[in-house]
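A.B. asks: Chain by chain, the residues run as shown.
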Amino acid sequence: MDILQTGQGELIGWHDPDEHRAWVAAHKSRALEDKRTTLREAIARYVPDGAIIACGGFGHIRVSMAAIYEIIRQHKRDLTFCGKTAVHDSDVLIAAGAVCRIEVAYAFGHELRGLSPASRRAVESGRCQVVAEISNAGYQWRFLAAAMGLPFIPTRVMLGTDTLAHSSAKVIEDPFSGKPIALLPACYPDVVLMHVHRCDKYGNCQVDGIAVEDFELARAARRLIITTEEIVDEEMIRSQPWRTLIPYYLVDAVIEAPYGAHPTLMPDRYYFDEDHIGEWLRLSKTDEGAAEYFERYVYSVEDFAEYLELIGGEERLEYLRQVEHLEAPLRAPWLEEKK
Amino acid sequence: MNEDYTPTELLAYVAAGLLEDGKSVFVGTGLPMIAAMLAQRTHAPNLLIIFEAGGIGPQVPVLPISVGDSRTFYRAVAASSMHEVMSAGQAGYVDYGFLGAAQIDPYGNLNTTVIGEWDHPLVRLPGSGGANDIGSFCWRTIIVMRQDKRRFVEHLDFLTTPGYLDGPGARERAGLPAGSGPYRVITQLGLYDFDEDSKRMRLLATHPGVTVDDICANSAFELIIPDQVGTTEPPSPQVRRILREIDPTGMVIGK
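Residue numbers (the working numbering), protein chains in the order written: chain A, 1 to 339; chain B, 1001 to 1255.
Simulated from the structure, these hints should not be mistaken for laboratory data. This structure is a prediction, so every number in the text was calculated from the model and none was measured. Fair warning: there could be bad hints in the mix.
Just some of the chain B residues that point at chain A, by a computed CB distance under 8 angstroms [stated by the list, open to error]:
no.	residue
1	1070
2	1081
3	1133
4	1159
5	1165
6	1170
All C-beta atoms, glycine included, are put in the ideal place defined by N, C-alpha and C.
Take the sequences, apply the hints, and build the full model.
C.D. replies: Here's what the structure looks like:
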């Protein structure tokens, strides 16, 4: 079959489907085992330097910040990031020097808050390298191909654009319609960090609100680290099995981390902490400021519980709960600066 | 009374007016959200609003900060997934798409990736996000952006999202869904559509107080200027009141 076009982006996270099946057979347990552990252990064990990592949620929605801070605290290096709508997650990882390569669907921006000073500085100076471009749907379908155990998936995105020319996709003539069609290669991240509303000790997970692309990403992941607002009894999972987004055999580690998505948004629990994100955006305008932020909120605290005290504890978290439920007005320091 | 409106309010009002009741719209961050919410609260109560992270058919209470914000599935008919909504788009269920851009060319192609060279960026922008998907799949894409000579350019630094590519038939030749593409462009100066034969951008109306000379002086490529050019209608005090309700903190509308 003729290949009409080959994208020049670097192919990251791809495995031959038989190689992946063999890896799964050898490394993913089907046994119902207690997977509870600490973040320190999970990150040390499953995130080697140089790994390809991805985050569940949506960049600043339901992101496992507890796991991200632990990666920074352990000084992980040379990570490649799947920038599948990457916002606060990639911004802090790039600024901390943990991530130096990224495939970009969306990155270096904070949506309405504007561009990300720290990661933009890193990419414009060459400290962080963009290895390929893709679109949001495109990335999500790369994970879908992986979740299905396929080498690629055909789609009609990116055709005719520089986004495709700088991606890892190929274009062929569709043997059915005769029209050009883009083939997106499967992407299996080495490790995925995901924050959920609740799961049992085995890792059967429920998520409230939009799933974004976590269904596909959890199944594409080689190693899946779950942080959760709460660990619930197995009976709660079994009484409503239709609510399980992620079954246990996909999961490698379970860590109870209440408010573990702070300062990102946790649907139905707490809204964005705009004061905290604003502090980050202000400090990260310089390398020194970013270093000051990491010293204060990551290196000088023992764990996530200590961090939560530092950001304002119960009172702060109660306010964020009220904003999420439209019971308190939103405060955002970046709003004042924008005017 | 009407003279008090801000340029952003006018943009939101003109954009909202393009959306029809009973149709579906894929909405991005910022002004597109405001426009879709305004349309839903005025002439298009049955507008189906869709967000790329999975929110389907919400009654958005206040302006969301993100297209994945809880507000994007508030009182929605479904809190689904990106796969769900992107597949709906690919299968032809989405009528309108709303996009912003840093650069646009005469055929409505958009750049949101980089200013300068891709491997040596002067300014690195966020990339496609869902823009390429929306521009590929939606039947009619509406672009809202600022207009000046650095943004209305003959050649993009990077073609992130497809418009009509290099002219008539090019989308179909590339394999993009037939019969889709850019529909309107709205800037702080005027409203544009695309000429049926050449697929190049054409002036449809100027905003109040803007001349055709202003329009041409703020584009680095030649716009098609027809003999008859309309004038857009400014937002009423009632519309401006609704806009304040939608965006109480003034995030997009301003104070």
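A.B. asks: Quick check on the hint: residue 1165 of chain B CB to chain A CB, less than 8 angstroms?
C.D. replies: 5 angstroms, holds
A.B. asks: Residue 1159 of chain B was flagged as interface toward chain A. Is the shortest Cβ-Cβ separation under 8 angstroms?
C.D. replies: Interface hint status for residue 1159 of chain B: holds (4 angstroms vs cutoff 8 angstroms).
A.B. asks: Does residue 1081 of chain B meet its interface restraint, that is, does its C-beta lie within less than 8 angstroms of any C-beta in chain A?
C.D. replies: With Cβ-Cβ at 4 angstroms, under 8 angstroms, it holds.
A.B. asks: Holds or violated: residue 1133 of chain B as interface residue toward chain A, Cβ cutoff 8 angstroms?
C.D. replies: 4 angstroms, holds
A.B. asks: Does the closest beta carbon of chain A sit nearer than 8 angstroms to the beta carbon of residue 1170 of chain B?
C.D. replies: 7 angstroms, holds
A.B. asks: Under 8 angstroms is the threshold here; is the Cβ of residue 1070 of chain B close enough to any Cβ of chain A for the hint to stand?
C.D. replies: 5 angstroms, holds
This entry satisfies every hint, going by the numbered hints stated previously.
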